[in-house]
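Taking the hints into account, I'd like the entire structure generated from these sequences.
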Amino acid sequence: MKVLIVSEVYRPGVGGVQTALDTLIAGLKEAGDEVTVLTGSPDGLFSYFTEVDEINGAKVLRLPAVKWIANRDNNRVVFLPKRFVRRYFRQNQPDIIHLMTPISWLHQAVIRQARRRQIPIVTTNHTMALNLVMNAKNKTIARWFVRVVEGKMCKLVNQTAYMTAPTRAALATTPAIHIPTKAVSNGVNAVFYAPGKADEKLLQRFAIDALRPVVAYVGRLDGEKRIDLLIAAMERLKTDAQLVIIGKGLIEKQLRSQAASLGDRCIFTGFVSDEEKRALLRRADILAMASPAELQCIAALEALACGTPVVVSDQVALPELLDGGKNGASFHYPDVNDLVHKIDELLNDESRRRQMGRAARQWIIDNHTYERTVDQYRELYARLLAGGH
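Here the sequence shown stands for residues 3 to 391, where the numbers follow my numbering.
It is worth saying that the hints were derived from the structure and are not from the lab. Hints may be right or wrong, so weigh each one.
Said to hold, decoys possible - No more than 35 Å apart at the CA atoms, straight line, and that leaves these computed lysine-lysine pairs for DSBU-like: (1) 250 <-> 84; (2) 31 <-> 84; (3) 255 <-> 69; (4) 184 <-> 255; (5) 157 <-> 31.
Said to hold, decoys possible - What follows is a list of derived Cβ distance ranges for each label pair: (6) 118 <-> 52: 19 to 29 Å; (7) 336 <-> 262: 13 to 23 Å; (8) 198 <-> 142: 46 to 56 Å; (9) 69 <-> 350: 44 to 54 Å.
No residue lacks a Cβ here, since even glycine has one placed at the ideal position from N, Cα and C.
Structure below.
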């Protein structure tokens, strides 16, 4: 199959959407499909070029774009894409089109051309509109923008054939969708992310204490992730544990300032490689996620695949990661005292953590491998190409 994936959120940015795309594209390429990604250029309005992605071998077409003002390091908006999109479709005929979080001019232009040519379109929602504005300073404008974005996305999605989202809770965030829908996990490479012994030299390089229990966070250091709650919890924790914050983002400076009083009980690693992330997840006793706006959380899937239990907020899709409490615990967002209680409780019960780790690993194998995800999408593509729903 010739698959065109359209996403303004893509490399060189970092985050869950980029990881999910890498997973999907790699699986499609392994299956023998031809994959093209249509996205924005990191080099601004006067840059238009094609490259082969070094991560997964996909052909990537970069269109002129501007940086998104609420997250300039990670998101771009393709500017006036109609002419470029028309040119692409005059020269290419994909079998299937897969849109990621369709809210932009680029998605609108692609939908118009695809419908003229009767090319089936699948959409996947990876983002809550709230995520786009949680770093904004003017909350009144932000709330208005959320309503506009949600309305725009539903209007565009309803012009396509099928919508997926990573979880049942994610599907529930878009009640105005009138086309067929299905929850399809982002998936994780359960061969790479697996239980094992962490590299001691690597841990020493990051100043990870060999004797203290470790609570890890993995992801962007942005406002909507509520890492401030994790730092506040560490200040009240009874257990002498170490918080390891893995990633980079917009608010790293203020998080470091907040954590200054913790000394070596809070470590910032910065951006790490996949191998380094895996080692840190294997070393962690718990992965903690306090975000109120996750539609799945790939970092949590990776931790669970490594046999590391999780403590997560009780918001949106995060409780689905727990498999009824077998894989970890949830706290009442944004109650820091409850977060402290849940972390302390798990850190002081090694037998329970081990049991949760084994259950988590099996749950990933049964439900969330990337092979399963790719198979589900390829089956959906084939069904739509055959005229089904």
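A quick look at each hint next to the structure:
| no. | hint | verdict |
| --- | --- | --- |
| 1 | 250 <-> 84 | holds (34 Å) |
| 2 | 31 <-> 84 | holds (28 Å) |
| 3 | 255 <-> 69 | holds (21 Å) |
| 4 | 184 <-> 255 | violated (39 Å) |
| 5 | 157 <-> 31 | holds (31 Å) |
| 6 | 118 <-> 52: 19 to 29 Å | holds (23 Å) |
| 7 | 336 <-> 262: 13 to 23 Å | holds (22 Å) |
| 8 | 198 <-> 142: 46 to 56 Å | holds (49 Å) |
| 9 | 69 <-> 350: 44 to 54 Å | holds (46 Å) |
Of the hints listed earlier, the one the structure fails to meet is number 4.
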